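Q: Please build the complete structure, drawing on both the sequences and the hints.
As given, the protein sequences belong to chains S and L, one line each in that order. 19 is the number of the first residue of the first sequence in the working numbering; add one for each residue after it. 2 is the number of the first residue of the second sequence in the working numbering; add one for each residue after it.
The hints are simulated quantities; they were obtained by calculation from the structure and are not laboratory data. As the structure is a computational prediction, the values presented were derived from the model and not from experiment. Some hints here could point you the wrong way.
Claimed, not checked - Computed footprint of chain S on chain L; a stretch qualifies when at least three of its residues, placed anywhere within it, have a C-beta under 8 Å from a C-beta of chain S:
#1 17-31
#2 40-48
#3 64-73
#4 78-92
#5 96-102
Claimed, not checked - Calculated from the model, a selection of chain L residues having no Cβ within reach of chain S, i.e. all distances over 10 Å:
#6 37
#7 113
#8 114
Even for Gly, the Cβ is constructed at its ideal location relative to N, Cα and C.
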Amino acid sequence: MSDGTMGAVELAAAVRSGARSARAVTEEALAAVAARDDELHCFLRVLGDEALEQADAVDAAVARGQDPGPLAGVPVGLKDNLCTRGIPTTCASRILDGWRPPYDATVVRMLRQAGAIAVGKTNMDEFAMGSSTENSAFGPTRNPHGRDRVPGGSSGGSAAAVAAGFTPIGLGSDTGGSIRQPAALCGVVGMKPTYGRVSRYGLVAFASSLDQIGPFATTVEDAALLFDVIAGHDPLDSTSLPYPSPPTFESTGAGSEGVRVGVCTDLIDGCAPDVVARVREAADALSAAGAKVEEIRIPELAYGLSAYYLIAPAEASSNLARYDGVRYGLRVDAEDAAAMNTATRTAGFGAEVKRRIMLGTYALSAGYYDAYYAQAQRVRTLVLEAFARAYASCDVLLGATAPTTAFALGEKVDDPMAMYMNDVCTIPSNLAGHPALSVPFGTGGDGLPIGVQVLAPALAEGLLFQVARVVEAAAPSPTRGAGQ
Amino acid sequence: MSEGTEPGHHARRTPGKLSPEEVVHVAALARLALTDAEVELFTAQLRTVLDHAADVAALDLSHLAPTAHPLPVANALRPDEPRPSLDREEVLAAAPSVEDNRFRVPRIGAPAP
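A: Structure follows, in structure tokens:
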């Protein structure tokens, strides 16, 4: 599939110059999905007619001499928790099966304005709760690098679609690592922006103080291009940062000369030996490129996992109260309203969603609130203060993204705590609201991709891309185009 | 509310093991019905997660203020100006049951005597 080997930057340039038509690019992407997605199941819904219509609009703009946008003709996969007007948006849940949102998410609107072509809604763990995409009510996605392996999650469909070469870019959401972990397991770039940088309007809420939308791409440069398109203030999201996001794309090649990199041992210890080795090699590469690399300990990060698995379920239990069978989605009829609510939720939610709702309800309940929820919020302060101390002596931090390479389908799905441990390295950035990125860096002994995580303080997305690009340039093997 | 939620009171106690009865209670609060097998499974699974959280519950963090949100957000205000909202027909079209431009639900509460 030729477009799978062409990045978003080159593809948009070709469409903008008229060298390629958006329609031809879109048809190729749709044909590739039709030919190979039965096996991978990246998509819950393919947007054939809608995509071609959008492609024709881009081609018409080019023909008229108008600017078709920075992502002209670039196919993109949208995680199915991003609202698309009139197009089913399920969050991979039975409770929303068939629901057609009456509005577009702000990021969906921005992508369209930038000329991107949404070719499908991608698979995910139900309501973004999971680390393997096995919690989808509509069946799992497979990893393009190994069909018996998970793609990670919860944004596994978007990550796998990029890894498979279906779309050069994709959107996911990251509440505790749901962009970065699948990016690592699928061998692509995945980035979580600063909290508030990208509008959450139209992102179906999981844990509102942690959720953030971000890009997937095959290269750091493409991720920056997509980030620049979706970042910025949105009056429709009251937690959106009230100022413009400075462009990052032009400066991704600025290098790492003099950048202070802290190799965070707490984000490496406990990871598989192959993963540790790749992070060390990435640190060496940064050092060779002129960065000042030193080790740093941030022991407080160890408490992040426990705090997250109290805070996120607590917020989820509140957010998911809206699925009551009254205004949209599934209804299972019963004799009175309360029984209808219960019947609907019992039939509509999967096991992991029920677990988290119960955990959150418990953590918020009278008698346990202080011991669990309030205590977890104090840990959040602890993590924020620890990061602040680290960033007094470092510009960025380096660590692993995920503790292991992609694990086998079915391996952890019946053991929630083992599944949660996948997020141990990614969670701290969500608790702090900081940006972080996973960049592919070689493989493990099993031949599966490994991602190195770069973390930065709030608002430092530009530096994040800059450092990640140095790591990318030094990566031992090409990771683009799995499964072609 | 329990005494544990009063301002200035920082619980040092670690709650006891989650019981199946508490799981049933919490599920009822969350409007979920569980089978006996689910009660058993979820009790064991949630205990594992709460056991892991014991490290956090045991810390003395009374000197730290809780963080509810990563941004120092205050209220986001804007002028109160009329503007188009969601289309009523489109919104109601998504509802399981509608009557006279309203969401229709089954009887609320006990039937009249």
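Q: All hints are to be evaluated individually against the structure, with a verdict given for each.
A: Comparing the hints with the structure gives:
no. : hint   : in the structure
1   : 17-31  : holds (count 7)
2   : 40-48  : holds (count 3)
3   : 64-73  : holds (count 8)
4   : 78-92  : holds (count 5)
5   : 96-102 : holds (count 3)
6   : 37     : holds, 14 Å
7   : 113    : holds, 12 Å
8   : 114    : holds, 15 Å
Of the numbered hints stated above, none is contradicted by the structure.
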